[in-house]
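Protein sequences appear in the order of chains A and L. Just so it is clear: in the first sequence, position 210 is 628 by the working numbering, and no numbers are missing. Just so it is clear: in the second sequence, position 240 is 248 by the working numbering, and no numbers are missing.
What the hints contain is simulated information worked out from the structure, not anything from laboratory work. Computed from a predicted structure; not experimentally measured. Heads up, the beta-carbon is just placed ideally off N, CA and C, and yes, glycines get one too. Where hints are given, some of them may not hold.
What the hints assert, rightly or not - Partner residues aside, some chain A positions facing chain L, computed with beta carbon under 10 Å: (1) N480; (2) T531; (3) W660.
Claimed, not checked - Ranges of calculated distance between the beta carbons of each label pair, as one might list FRET restraints: (4) A:P646 x L:Y294: 43 to 51 Å; (5) L:F62 x A:N557: 37 to 45 Å; (6) L:Y166 x A:I562: 25 to 33 Å; (7) A:S565 x L:L221: 22 to 30 Å; (8) L:I172 x A:T637: 51 to 59 Å.
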Amino acid sequence: MTSLPLLQRRYAPQRGQRSTITALPLSRRHYLRNAAIVVAAVILIVWTVFPFVWILMTSLKNSADIISAPPKFIFRPTMGNYAALFFGTHRGGYSTTRPDFPLFFVNSVIISTGAVVLSVLASIPAAYALARFSFPLKNSLGFIFMSFRFVPFLAFVIPLYLLYQRVGLYNTHVGLILAYQLITLPFTIWMLRSFFMEVPLEIQEAAQIDGCSWVGILTRVILPLSMPGIAVTVILGFMFCWNAFNYPLMLAGRETFPVTVGAIQFISYDQVLWGQMAAATIVSALPQLLLSLMVQKYIVRGLTMGAVR
Amino acid sequence: MHTTAVRRRPRRRRFLPYLLLAPALILLVGMVYPFSLGLYYSLTDYWLQFPSRFRFIWLDNYIRLFNTPLFGRALEFTTGYTLVAVTIQVGLGLAVALFLHAHIPGRKVMRALMLMPLMIPPVIAALMWKIMMDSTGAGILNYALSFVGVGPVNWLGYPRGAMISVLVIDTWGNLPFISLVLLGGLQALPNEPYEAARVDGAGPAAMLRYITLPLLLPFIILAVTFRVMDSLRIFDVIYATTAGGPDDATTNLSIMSYRYAFQWYQMGTGVAEAIVLLAMVVASSYVLLRLWHRTAESAAQ
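Next up, chain L with everything else stripped away, as it sits in the complex:
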């Protein structure tokens, strides 16, 4: 992507790209400044109600966090939830993508319908499900389950149920994303390997295992990357349904950081926790994006 303009008139044009980037860079400073401020606050004892206590305490916030039992539980829930949710969602998403890729009637309609959960606000999706998960007898979900012999479930009322509920709502909203990314990948696959395999007498299962999945791998990793990032940070669905409860069972790092900052007004500890989460996100995005580049390159060859 070398433009001749850069080479022909090097002196005058050298700064042009930076000039073009300037407006965006100014807005970027608007992001970097609060972030560095937050980094500084995470090293201070910043209580909103007691401004006089403000002082620099080095890493005390982080040390205090790691000594808080709830932090350990939140860390465990954050990582555990991410692993379980991404595995289930990508598995189901792959199944749906393969299903929609087969020549079935009405698949265009189904593809369009899948966009509906995807494009509405996640917090609105959470509220919709909260209405359906009502456990007083008016809830449609328990009513439907009663026909298959499942007793009334107190969806959001007990720890395990609340975890499952969050997972169900999150899956409902994001399954279409994975399915559509993978469907896009399936539609871009070349035809030749399949023809060669058919000549060799390979069955559908072998084709899926040895042709489709390897070729689809860059798309799977891309979907996993986006989902891991979003699952680690998930906030709105939990906030709207359980607010971290019951018994802190669905408290992840985001919810706990929010509570530190906006319920207990311990701004320093709140930011510190957000930065721990940030470190996790950066580390996993680095690994996953490198993996994606490598598979995308080897698939292109």
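Just chain A, same shape as in the assembly:
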């Protein structure tokens, strides 16, 4: 074998063993296979990453470059769109309809943080109960909490909207934090439960023999040992809140819009501010991309609520 094959398939036929493909000489077969792999990898990477590259480029173009046909790959980059996004109207010829984007960003941070803190605090004892106690209704309660992950949001949001209008929670941070619970609570309960169940039972039993009460087991055994899991749950919960669009679309007003609803405001009935929309897209995606690097290993587990490790 002249060179190491690019693809060492784990279950590929071993050398000397009969292979199913015998028409081509060995080296040529490897060449073809390697070429196919490279093509597939390039397609996959372009498909995944190119939209980000293009939006980043769009956000750095002036309005003439954005609408030029054919599209421009080489242009003089400008920070004008970002400046208009953060510093307001008619700055250097970049008109904007949304001079309040920084406010949207702050709103996103406030609402997401509030919702995550609240639901993690409520979830810790609940997850402890679901992970370490057996009691009647345990399975059905656990299932009820999980099923809220799947509920169509409109079944809640329409009555919630009417309710909020009546009690004055519409267009307030508190109201939105309470609504975002619907996103985070089922998730935090199931994630924390799956992390708590990983704490070895032997340690808990040893603590019980030493006279630890259930409070002691929770605060001295389970919580310290699942600190990384709690951190992951907080970060992922924050990210899910940041992504939320449906709830704030109907329950927030101009003062409390998060970035997701804010970004869509660049489309108005008479124009679309492509450049600023691209810049807003980059700015709202950035925290997510940075946070996802921190919790890379746990994202699949988080998205399946602990079902896949």
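Starting from the structure of chain A, add chain L where the hints point.
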């Protein structure tokens, strides 16, 4: 998972789990209350502009819905879209997972890159694609397609194109989820069956068909379950790109319910439609989760 605490001191400890669950249960009531309120509203004639018309009309909203032609189209689009999207996405996701599972150089980098579409807000992804799908000649997608001989596509401008566009955007955002779930499953598979099969002289195709796929089935069903639930409810991508148009081609039950409630202010009919969708979601989640439990159990044996 029996704790000794429960058995040793039954009387004092019997209510402890419920006490621990209390904060979460209170928040749960915060969900159940608006939901039951919605259930009630769905049986009333609730127009936001005409509060005086409010009255209890039993199932009239539901009957009216099923007699609305648009509702039939929305129902058809919701189910059709879910079937097509889940089939395509799970098929592609399986291919990508198998590809990334093979020992290719740089697969860790590719795995990390796949997280990017997954973690950004779906509505932001939709806006990104909307920029790329511009059909005025400045759109990069049509420019790229012109090199392979595909004429300018008016992506979001006509019914079939809008459906395909939504599917493309949704696939871009969710393919990584399926791939990573299935990749996790592939990495957890035991080695022994493969060794035995190799001794018996089985080829790669036979191994995929008779070992990998059956063992991977619980993970496939789990991915299908999550994707079916989310495809039935898909709202943000459609809202940001087509808002249900053109010619109502991409109006699904969520979009139509939103329009009833927040454009026409017919709250009762809007909630009723959301509840029809809820029934569909509950029914399919019940079936799929049972299927998942059964396959997970038989795979564990």
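Comparing the hints with the structure gives:
| no. | hint | in the structure |
| --- | --- | --- |
| 1 | N480 | violated, 13 Å |
| 2 | T531 | violated, 17 Å |
| 3 | W660 | holds, 7 Å |
| 4 | A:P646 x L:Y294: 43 to 51 Å | violated, 34 Å |
| 5 | L:F62 x A:N557: 37 to 45 Å | holds, 40 Å |
| 6 | L:Y166 x A:I562: 25 to 33 Å | violated, 44 Å |
| 7 | A:S565 x L:L221: 22 to 30 Å | holds, 29 Å |
| 8 | L:I172 x A:T637: 51 to 59 Å | holds, 54 Å |
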